[in-house]
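Protein chains: 2
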Amino acid sequence: METIRLGVIGLGGRGSSVISGLLLGMKKYRIVSVCDIYPDRVESVCETVKNHTGERPFGTVDYSEILDKDKIDAVLIMTSWESHIEIACRAMRAGIPTGLEVGGAYNIEECFELVKAQRESGTRFMFLENCCYGRYEMMVLNMVRMGLFGEIVHCDGGYQHDLRDEILLGEENRHYRLRNYMGRNCENYPTHELGPIAKILNINNGNRMLYLTSMSSRASGLNDYAKRHPEIQEKFGTCKFSQGDIVTTDIMCADGATISLILDTTLPRPYSRRFTVHGTKGLYCEDSNYIYLDTDFGADSHFNWTPQWNNAEKYLEKYEHPIWKKFMEDGVRGGHGGMDYLVYDAFADYVINGGKSPIDVYDAAAWMAVTPLSAKSIELGSAPVEFPDFTKI
Amino acid sequence: METIRLGVIGLGGRGSSVISGLLLGMKKYRIVSVCDIYPDRVESVCETVKNHTGERPFGTVDYSEILDKDKIDAVLIMTSWESHIEIACRAMRAGIPTGLEVGGAYNIEECFELVKAQRESGTRFMFLENCCYGRYEMMVLNMVRMGLFGEIVHCDGGYQHDLRDEILLGEENRHYRLRNYMGRNCENYPTHELGPIAKILNINNGNRMLYLTSMSSRASGLNDYAKRHPEIQEKFGTCKFSQGDIVTTDIMCADGATISLILDTTLPRPYSRRFTVHGTKGLYCEDSNYIYLDTDFGADSHFNWTPQWNNAEKYLEKYEHPIWKKFMEDGVRGGHGGMDYLVYDAFADYVINGGKSPIDVYDAAAWMAVTPLSAKSIELGSAPVEFPDFTKI
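Chains A and B, in that order, are what the protein sequence lines are. Be aware that the first sequence starts at 645, since it is given in my numbering, and climbs by one per residue. Be aware that the second sequence starts at 645, since it is given in my numbering, and climbs by one per residue.
Hint data in this document are derived by calculation from the structure and do not stem from the laboratory. One or more hints might be untrue.
Covered stretches of chain A (in silico footprint by chain B; criterion: 3 or more residues with CB under 8 Å from a CB of chain B, positions within the stretch not fixed) [to be verified]:
| no. | region |
| --- | --- |
| 1 | 704-718 |
| 2 | 729-736 |
| 3 | 917-930 |
| 4 | 1022-1030 |
Here are some chain B residues pointing at chain A (derived, C-beta under 7 Å) [to be verified]:
| no. | residue |
| --- | --- |
| 5 | 698 |
| 6 | 699 |
| 7 | 976 |
| 8 | 1025 |
Every residue gets a Cβ at the ideal spot worked out from N, C-alpha and C, and that includes glycine.
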């Protein structure tokens, strides 16, 4: 197999933009069938694909019609968060190599279902966490593997993205975030930041997340924003949002390393994933993009650090991850600064060549589980809640 | 009273440097008696004062000899953390206006003792948290009071200071940090970051900290550092440190705002107090010293933010706190960028003029209580632990 006959389920913002902005330009993929519950989306994407390739894919509103292993070699699941796991299980049990877009789970049981479906079917599965392929995330991973940061003791991460417009005005795009912010209170989107951290800390590779605590601030951001925007206020004037503006989650790992996550999506701010990796010999901080190594700066830290902001750029020359080195030579393309290309390219290679999944079902289950575990901890007044061991089923 | 006859208890690093670098230059103070358990320190400071003023203060190794209200108008307590509260209680009960240097408490009972001693004696008391007088901390407080950040929903703070040399080599200076790092595991130094946050969140002024959870990473930083430094290794080769390298603490407030603290003192890094204030209309971040206001940048946050790092400087012109405006006109002096001058100046004014304590005994008790509460939470596997209400005794 050199070209993957691809089915795509979920043609909302993510699905349609990945197809038009990325997959249609990748020789490894041929889009042969697409699905969404909204017929207009199906029609629009079928037209886009036809205009680009000359071939109109099969389109349907019923995803079970997509899951035919004689017709497709792999499927991408890019639907709303709620349906991710159910569809992924169906796809794997139908024997179709499955790429699952990111999101948090809704309960622990479905995380176990995901693992079970993969183990019982033996079908290839990859969790499509693009941020594992971020340029600085990969450089830091590379440096960590080389021992430059010493033993890693703590990592921070965050999904810090001002989504007030997307949440409040997303209805026009039939976006699913709104109903989540009205009905849940949890770390609802942990994997962008947790994925790269979990790789660095060898989670599911000799290490394990043991328990977490979560705390949620009150929910003020969306209503305050609505008050200042009459067109939004009209719709949401009396609306109660359950999702706290800031959710902090602390995770204890088996090796004694700790992880702190922050969800921060309904207050004004610039974008950040707060990626921070702290070892006994070094520190990387995304927020001012710097690297502090003992060997470079010593133990006297009380000097003016401002001139060193952004010094991580300088380390790229020496420590760029091999995957990114090659990518730079070939020419960076695709959305989100190249991460999207790399994750879909890795999925294609995995579907074609097999081997170990770059981000496997245990990773997906453990990372997605943060969402229901955080919801439970918040419900219990921030009590610690244990991670199940998804390898034991 | 125009000049305060001052007694100083505790002449270690902090005490002796504040005397020589600050107090001897302040007209509001006359140092008339000094005390430390080490006679050589007493002798040295007596000589310093005499060389500067011509008058040799009374020196003693027994602090009870200092607490004579006919001889001094106020006392500063700058001893090791362990003895702070006991001496402060004795001083207040002796009727001597008391300035207490910072540190965490060792148990909740002594926090109550502190409050009781002040309430029963009615003696003036101020907690000398210099970081409440930091220039950016005060500007942000000023902006928050003006409503520019909207409702404050979350704050971050940290004591992020690479103290590996100070802890491991501090024995020569008879420093007390070492024994703390060998025998405790807690958020051992919370007030530098929590003080300014508590003022912003109106803690003890209509708001209250309800409970916290703390999580501690393993302790690897000091031993790893020792391994690489033979002169230290010789002393600490087989030493077990109990204090985790990173302690994260999340605090829930009565108004639904949350606070995240981080203690980070045994790994390589530049200095930071991680001061972050996040409201419904704005955000301040110390780490790249920026201010993000809805009115300036709107809700679309997915642009390159790097050029805005350090933009907080620009806001000083318009929003500098009145205390700092005056300070700049008069000429900034004293250690730690002027904070030390301002906190000791505020204490002097309070001793001379009375009125409300700028940082009162309830503030001290609540902020110092974070230390024993965090120790308990860590012991209990990060279980939530309630703050007592120090106003109810």
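Have a go at the residue 976(B) hint: is there a Cβ in chain A nearer than 7 Å to its own Cβ? 16 Å, violated
Hint validation: residue 1025(B) versus chain A, beta carbon distance must be below 7 Å. Holds or violated? Hint holds; residue 1025(B) Cβ to chain A Cβ min 6 Å, cut 7 Å.
Just to be careful: measuring from the Cβ of residue 699(B) to every Cβ in chain A, is the smallest value less than 7 Å? Nearest chain A Cβ about 34 Å off; hint violated.
How does the coverage statement for the region 729-736 of chain A fare against chain B, requiring three or more residues with Cβ below 8 Å from a Cβ of that chain? violated (count 0)
For the region 704-718 of chain A, do at least 3 residues have a Cβ located nearer than 8 Å to some Cβ of chain B? violated (count 0)
Hint residue 698(B) vs chain A: min CB-CB distance below 7 Å? 34 Å, violated
Are 3 or more residues of the region 917-930 of chain A near chain B, judged by a Cβ distance of less than 8 Å? It holds, with 7 qualifying residues against the three required.
Using a Cβ cutoff of 8 Å, are there at least 3 residues of the region 1022-1030 of chain A near chain B, or does the coverage claim fail? holds (count 4)
Of the numbered hints listed earlier, those contradicted by the structure are 1, 2, 5, 6 and 7.
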